[in-house]
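Visitor: First to last, the protein sequences are chains F and U.
Per my numbering, the first sequence runs over residues 1 to 219.
Per my numbering, the second sequence runs over residues 1 to 219.
Since the hints were derived computationally from the structure, they do not count as laboratory data.
Just so you know, nobody snuck in bad clues.
Since the list gives no way to pick one copy over another, a pair counts as held whenever it fits inside one copy or between any two copies.
Only pairs whose alpha carbons sit at most 25 Å apart, straight line, appear in this in silico DMTMM-like list of lysine to aspartate or glutamate:
| hint | residue 1 | residue 2 |
| --- | --- | --- |
| 1 | K206 | E97 |
| 2 | K200 | E114 |
| 3 | K206 | D117 |
| 4 | K22 | E107 |
| 5 | K22 | D117 |
Number of protein chains: 2
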Amino acid sequence: MNTKSVSNDTLVNQLRWRYATKQFDPTRKIPAADWQALEEALVLTPSSFGLQPWRFIVITNQATKEKLVPVSWNQRQLADASHVVVFAVKKGLGAAEVDHYLARMAEVRGVTRESLDGFRNVLLGFLAQPAEQFNPQHWAARQAYIALGNLLTSAALLGIDACPLEGIEPSGYDEILGLAAEGYQTVVAAAVGYRAATDKYASLPKVRFAPREVITHVA
Amino acid sequence: MNTKSVSNDTLVNQLRWRYATKQFDPTRKIPAADWQALEEALVLTPSSFGLQPWRFIVITNQATKEKLVPVSWNQRQLADASHVVVFAVKKGLGAAEVDHYLARMAEVRGVTRESLDGFRNVLLGFLAQPAEQFNPQHWAARQAYIALGNLLTSAALLGIDACPLEGIEPSGYDEILGLAAEGYQTVVAAAVGYRAATDKYASLPKVRFAPREVITHVA
Numbered sequence: 001m002n003t004k005s006v007s008n009d010t011l012v013n014q015l016r017w018r019y020a021t022k023q024f025d026p027t028r029k030i031p032a033a034d035w036q037a038l039e040e041a042l043v044l045t046p047s048s049f050g051l052q053p054w055r056f057i058v059i060t061n062q063a064t065k066e067k068l069v070p071v072s073w074n075q076r077q078l079a080d081a082s083h084v085v086v087f088a089v090k091k092g093l094g095a096a097e098v099d100h101y102l103a104r105m106a107e108v109r110g111v112t113r114e115s116l117d118g119f120r121n122v123l124l125g126f127l128a129q130p131a132e133q134f135n136p137q138h139w140a141a142r143q144a145y146i147a148l149g150n151l152l153t154s155a156a157l158l159g160i161d162a163c164p165l166e167g168i169e170p171s172g173y174d175e176i177l178g179l180a181a182e183g184y185q186t187v188v189a190a191a192v193g194y195r196a197a198t199d200k201y202a203s204l205p206k207v208r209f210a211p212r213e214v215i216t217h218v219a
Numbered sequence: 001m002n003t004k005s006v007s008n009d010t011l012v013n014q015l016r017w018r019y020a021t022k023q024f025d026p027t028r029k030i031p032a033a034d035w036q037a038l039e040e041a042l043v044l045t046p047s048s049f050g051l052q053p054w055r056f057i058v059i060t061n062q063a064t065k066e067k068l069v070p071v072s073w074n075q076r077q078l079a080d081a082s083h084v085v086v087f088a089v090k091k092g093l094g095a096a097e098v099d100h101y102l103a104r105m106a107e108v109r110g111v112t113r114e115s116l117d118g119f120r121n122v123l124l125g126f127l128a129q130p131a132e133q134f135n136p137q138h139w140a141a142r143q144a145y146i147a148l149g150n151l152l153t154s155a156a157l158l159g160i161d162a163c164p165l166e167g168i169e170p171s172g173y174d175e176i177l178g179l180a181a182e183g184y185q186t187v188v189a190a191a192v193g194y195r196a197a198t199d200k201y202a203s204l205p206k207v208r209f210a211p212r213e214v215i216t217h218v219a
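Only chain F is shown next, with the shape it has when bound in the complex (with noise of 0.2 Å):
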C-alpha cells in the first residue's frame, strides 16, 4: 500500500527538466493515454473540504486556441500547444454546490445523505461566516491553482512539456468558452505539449533562489 513508486532522483531530475516552454512544436500532439492519465490527475486534485470548485475546459480545437491568443497577451505557445487547460472556478458558491457535493458524496461511500447533516452545516458555515479575510471567490481561485500545480508536476513526471498561463484576460476567455452563462469564470490556464526544438528557452538555467534563502527550518 505505501509504496515509493518514484525515486527522488525521478522526481527532482523531472522537476528540473520541465520550464515554461515558450515554442512548442505545433506537429507533436500528446498521446490519448497520456492525456487521459493527465485528465485523472485533474479529476483527482485535493480541494479544500473537497468541495472541487472547478471545472477544467480541454481545448485541442484549432480555432478556440487561435481566439484565445489576442486575449493572452499573445502568447503563440498557447495556438501551438498539443491541448490547453482552462481552469475556471464556479461563481457565488453557497448552498447548491454544497448539496450537490453532498449528493456525491453519499454515492459514493454509500451513506445516507441525512447523515451528512453535520458535515453540511460546517461547509454552510464556513462559505457563509467567513474566516478571517476570507472571500470565496478568492478561496476557490486558490483551489483551481492546486490543480494547476498538480497538472504542472504530473505533466513533467510523464515527460510533457507545460506553460502555466497567468498573463491572461479572463473575462475574454470567459466570453470566447461561454463560461459566464454556466455561472463560471476563468483563473488561468496551461499550454500542454512538447516543446519545439527551437526553444531558445530549454536550455536556459533556471532561476531559483537558493534553498537557504525560500526554506526557513524550524527544528
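Following the hints, put chain U in place on chain F, whose structure we already have.
Guide: Only chain U this time, still in chain F's reference frame:
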C-alpha cells in the same frame, strides 16, 4: 532529454493512493533523503514571471507544532506529522523583490543586470498597473498554492502522506513563527508524514465528481 520517467498508471495510482491524512503515525519520520527531495521540489516550483514570492517554513520541532494546533482548528494531525510546511508570501511586493530576483537571474544565467532592464520594466509595470481584478497579495497567495499542489503530488509519488491545512488562522501562524516582523504572511500549510494504521479516512472511497462533470472538451 524528453523522457517519460513515470508511467501513466504509476501517476494515477499514487494520486488515488493519497488522501488528506487525518491521523499521522507520530513514530514515523520522513528519511532525510526523501525530505531533501521534497524541499528541492518546493524550491523548483514554477511561479508567475519566476518571481517566487514565497518562503517555506519547515517545522519538525514538536513544541512549535503543538503551538500551531490551537490556531489550526485543533487539528491534531499537525502535531503528529513528521514535518509541517507553512507556505508564506512576501507582503508588499515591489521594486526590492524584483531587483532581488533579477540579481539572481543575472547570476544564474551569467548575464549583466542591465540586459534585464526591459524585463524589469515589465515586472514593475505588472505589479504597479495591475490587470483586471489584480491584487499583488492575492496573486502571491495563488503562487503559494502552485507550491502546495506541487508538494502534494510530489509527496504522493514518493509514497509520503500529506494533509493540506487550509483551516488555519494565518495571523496566529504569523505570530508564532515570527513572520510578520520579516514581512511575510502565512497563506496555507501542509502536514507531511505517514498515515497511522488507525486512520479510518485512509480506506474511505475518494469523493470526486465524475470526469464529465468537471472536464469539458472543446475539440
